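> Please arrange chain B on chain A, whose structure you already have, making use of the hints.
What follows is each chain in one-letter form.
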Amino acid sequence: MTYESDEQIVERWRVRADSSAIATLADRYLGQFFGTARAMLLTTDDAEDVAQETMLKIVRAIDTFDTSRCFRTWSYTILLNTIRSERRRQKTLAQRLKEIENIESYADADPSGQVHASRDDVSQCVANALRKLTEKQRTALVMMVMEGHSAAEVAEMEGCSSDAIYQRIAEAKKSLRKELSLQRLWIDT
Amino acid sequence: MTSPNDERIDRKIDQQLMRWHTQLDCDAAQRERMRNRFLEQLAIEQASQNSSALPKSESRLSPSSIANQRLWRNRTLLLSVAALLLLAVGIWQFAPHRETLQIDLSTKLGQAISCSFSAEDILRNEQLYCELDRVFEHNVPVIRQCGDRVEFDFGTRELAVQQSSPVILRFVLQERASDNSWQTLHTEDVIGGNDQHFTLPQHSGLVVKYWSHLLPDQSLWAEVAVSTAARATEQSEHCLSNDPKVVWSEIQNGRSLRLVLAFARLKPCEPGVF
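Residue numbers (the working numbering), protein chains in the order written: chain A, -18 to 170; chain B, 76 to 349.
Misleading hints may appear alongside valid ones.
Here are the computed lysine-lysine pairs in the BS3-like style, where the Cα-Cα straight-line distance is at most 30 Å [stated by the list, open to error]:
| id | chain 1 | residue 1 | chain 2 | residue 2 |
| --- | --- | --- | --- | --- |
| 1 | A | LYS117 | A | LYS155 |
| 2 | A | LYS72 | A | LYS117 |
| 3 | A | LYS38 | B | LYS342 |
| 4 | A | LYS155 | A | LYS38 |
| 5 | B | LYS87 | A | LYS155 |
| 6 | B | LYS87 | A | LYS113 |
| 7 | A | LYS117 | B | LYS87 |
| 8 | A | LYS72 | B | LYS320 |
| 9 | A | LYS159 | B | LYS87 |
| 10 | A | LYS38 | A | LYS117 |
| 11 | B | LYS342 | B | LYS320 |
| 12 | A | LYS117 | A | LYS159 |
Far from chain A, by Cβ distances over 12 Å, these chain B residues were calculated [what the hints assert, rightly or not]:
| id | residue |
| --- | --- |
| 13 | GLN105 |
| 14 | ALA194 |
| 15 | GLN202 |
Computed footprint of chain A on chain B, listed as stretches where at least three residues anywhere in the stretch have a Cβ under 8 Å from a Cβ of chain A [unchecked claim]:
| id | stretch |
| --- | --- |
| 16 | 110 to 119 |
| 17 | 240 to 252 |
| 18 | 257 to 266 |
None of these hints come from the bench; they were simulated from the model.
Computed from a predicted model, the values in this text were never measured in an experiment.
Note that beta-carbon positions come from the ideal geometry of N, C-alpha and C, so glycine has one too.
Just chain A, with the same shape it has in the complex (with noise of 0.2 Å):
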């Protein structure tokens, strides 16, 4: 059976109207959304909403793709887009539900609902280490080291230059070298 690419997908779905186009889209990009939106949010429950959010807005939006571009770079950008939206609605409902209820559980800094895989003390330190990067320089690093995009895909996602992702990746690095709790990682054993 010959690999179909997304791009192959999403015409076989645009022009002939093949439903299960998306079903195939969706089998391929909805684990990856869910991995990028928890390194992201840093959250189980959110990420899954983010990924399912996510397939709805490029099931919406698909008219719109210029299939001389990359279908991977176009659905990651919407994914970043959403994780942002996704971050700023938690913000303003976390401020309006503590000012109402003072409910503290909604607060996006409350660790008790966070990274759920964190199931040994070094995943915990990786994700606090991470919570405390700029958001800029947390997707810099997500997408670029643990997804394996490109600098020029990862600009392309974020509106920036290569260069400012290479510096935003500097940037994180020098944080995470000085991070106390993981400097035992770093000594030669």
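Same frame as chain A, but now just chain B:
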């Protein structure tokens, strides 16, 4: 400028990050659940696009029947409000500072309610709001109506004074029927001021938390958080007057449910006028 030692640490950082990221991958069951949720939600969206728009108003009536109905409604309203006042004033004497009253208005409010507001709905609620506002000296910030029942909260004067522009909100829980139409399961109207925040009484396992702010252009910014036994979602909506919006939808055990929100502005009360 990075030193050789920094570069060595950077390589370790990369390895550690990739290891950490691998732990975040979802398992097969989670992936399947997400896939099903997505396809269900997609089906709902596509069905919504294909079905007719939200019901806008009650069925059309002839001018004479409207006049008769208006006359009947006005009479019933006066009787209802008079009975309400007698009862409420008595209770008010003994009501603690922040207590909820429940009063049955079965003669008036048990009628079918559509998602949007008719002109008569708005008039009736303006009268109800202004009369309660006058009787309780601006101390009733929130009035809830559900079927035959009216509830209102006594708040502080400070809270009530902020309500310069009263609005009425309508929450409609609907279920998709076998003929693909949406059937109303539950309707709740809330009258309040510029800024609202409250939790609706639980219905069908749904806990609905609501916050809204009336914008200067008289549109409404609303945030609705819906929790079920399975999950919790929040949605922000920019609502125009009498333009219902779906603020939540979900499939539960094969049942398609949705929550519709509509709002309308009520005229501010004129002092001493009823």
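> Tell me, in ascending order, the numbers of any earlier hints that this structure violates.
Numbers 3, 4, 13, 17, 18, in rising order.
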